[in-house]
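Undergrad: In case you want the letters, here they are:
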Amino acid sequence: MDFDYSVLDNNERIIYALRSLYSKHGYKKYKMSKFEEYDLYSKNKDFLVSDSVITFTDTNGKLLALKPDVTLSIIKNNRNPEEKLKKLYYNENVYRVSKGSGSFKEIMQAGLECIGDVDDFCIGEVLWLAAESLGRISGDFVLDVSHLDLIAAFTDYTGAGRDVTKQLLKCIGEKNIHGIEALCRENGIEPERSAPLIELVRIYGSAAEVMPRIKELAAAVGAQDAAASLEKSLSIFSGYKDSVKIHIDMSVTDDLKYYNGVVFKGFIKGIPGFVLSGGQYDRLMTRLHNNSRAIGFAVYLDMLEDIGRDEKEYDADTLLVYDGETDLSVIRDCVSREIEAGNTVAAAGSNDGAIRCRRVIGIKANEVTDCE
Amino acid sequence: MSEMLNVALPKGRLGEKVYSMFEKAGFDCPSIRENNRKLIFENEKSSVRYFWVKPSDVAIYVERGAADLGVAGKDILLEYEPDVYELLDLNIGKCRMAVAAPSDFRDDPSRTLKVATKFSKIAGDFYSSTGRDIDIIHLNGSIEIAPILGLSDVIVDIVETGTTLKENNLEVFETIFPISARLIANKSSFKFKNALCEKVLRELSAQTGRENV
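As given, the protein sequences belong to chains X and W, one line each in that order. Quick note on numbering: my numbering labels position 336 of the first sequence as 336, and the sequence is numbered without any gaps. Quick note on numbering: my numbering labels position 144 of the second sequence as 144, and the sequence is numbered without any gaps.
No wet-lab data here; the hints were simulated from the structure. Among the clues, some could well be false.
Taking lysine to any residue and the SDA-like style, the derived pairs with C-alpha atoms no more than 25 Å apart in a straight line are [stated by the list, open to error]:
| id | chain 1 | residue 1 | chain 2 | residue 2 |
| --- | --- | --- | --- | --- |
| 1 | X | 99 | W | 60 |
| 2 | W | 17 | X | 179 |
| 3 | W | 121 | X | 46 |
| 4 | X | 45 | W | 121 |
| 5 | X | 105 | W | 66 |
| 6 | X | 166 | W | 96 |
When you get a sec, could you build the whole thing from the sequences and use the hints?
TA: Spelled out as structure tokens, the structure:
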């Protein structure tokens, strides 16, 4: 097949690069329907990034939704107990409310899910694929990794009740140390009970730099297993060329109702928010009456529009301006000659300046003249 | 050219105070003190660029990455919930979010309470936590006159000294939360300009008496 990769825009190139990366690692492409029963989302609203969903009634009276999320559909539609481990990737459009405008937006999302007998290697591999995905987008990336069981152990150590823990998690996500201190003070939590959590939230750096201190803190609050689990997962990056770009950052949190274990977010220089988000969601699997383990991540391609945006100077290399006296086959031959010469060409009946080009060729009564 | 730190400052007295703190922290930019109408100032030597923006817009500039750091009131952070890091309580610009009403106001729980405010989310969250049925009237300014003209029963607004309330025969009935200025950071900038962000955090923490950051 004759195919010119230069016609792909940056997002399309990224999608192909990610598909190639995931399929090389044994992940199978998963194609799903645009619609899903609304019930699936209404029961798991907190799992969604936004709880607004576009719904409509199908011809049989069923309430359907345009997918706001991919993970829930993949879990729901993959319940074959025969398959012990499923590795799936996707690139799909989802429909969510955009925070800025408050209106619905179509968002292209790529990602992968590893479901079933997920072992330490599977978790490490997903983390590694997340880092590699970011590397395919830009060399300037950071993958921040955290561990929810570790955070939960530190918040439990404070002795805070459910409501206070919820507020503590919000402060942890904001790196809001003064907020944590104030909450602990207001709720009578002794400074020695809150100090390990405060130090944990302050920690930021590569695993090599910060893991020893995390292990010491974890030992003090009885969270050695969670710290060992984080260390094990990150050991996949041992000797990895970009290991300095993998940071431990406990401000990466997620809803403890659905997520557990390793959670992570990816950032690209020049893009204000995270472009990749993922984690282990064994608790979501349990809620959906599925006893297997799971981990996955999504890459938000709509966030990448500003990356590698090379403003094209010209719409086409050549503008071919023909008149009404010229035979169509002469115009076609002239277009073909330009393409064979490696140029892009736009043919038009007049040159009104709307098409920006390097040169203009005129054809009058079957005679070709190089005008500019 | 070295990497520049972009800082969104809230226009007004608070912004000037904040700039002095940044200047003391080693991020000086003398041109900002010139008396003109410019809104952007930079000093390559200190690797810093400041912009004056409307206080309520600081969080948007930071969330969207136009500014790496900014200073915004806790009221703005709670109202708009921007996805940013809240790194430090600067302990300046102190005031409180409060419910105020005419001094003779008596709440009648059998009626829907009419609440005039600029802070619809904060007011909504506060009253939903108490289970009180309310009707929010969103206004953009001169909130104090709403109860006087019968537009609302109470107002939810920022109270600094209480002078404006007093002059309009209103008084504070309940404080919702205290407010002060916070140092906020764009999440991505915090990763990619970490050394600069940490330096600002360290220096400003020292100035606010929080040496242990």
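Undergrad: For each hint, tell me whether it holds in the structure or not.
TA: Results for each hint:
At most 25 Å may separate the alpha-carbon atoms for a hinted pair to count; residue 99 of chain X and residue 60 of chain W meet this at roughly 11 Å. Of the supplied pair hints, the one linking residue 17 of chain W and residue 179 of chain X holds, its CA atoms being roughly 22 Å apart against a limit of 25 Å. Distance hint between residue 121 of chain W and residue 46 of chain X is fulfilled; the C-alpha atoms sit about 19 Å from each other, no more than 25 Å. Proximity of residue 45 of chain X to residue 121 of chain W is assessed by CA-CA distance (about 21 Å); at most 25 Å being required, the pair is judged to hold.
Of the pairs offered as hints, the one joining residue 105 of chain X and residue 66 of chain W holds, with about 23 Å between alpha carbons and a cut-off of 25 Å not exceeded. Of the pairs offered as hints, the one joining residue 166 of chain X and residue 96 of chain W holds, with about 23 Å between alpha carbons and a cut-off of 25 Å not exceeded.
Every hint from the earlier list agrees with this structure, and none is contradicted.
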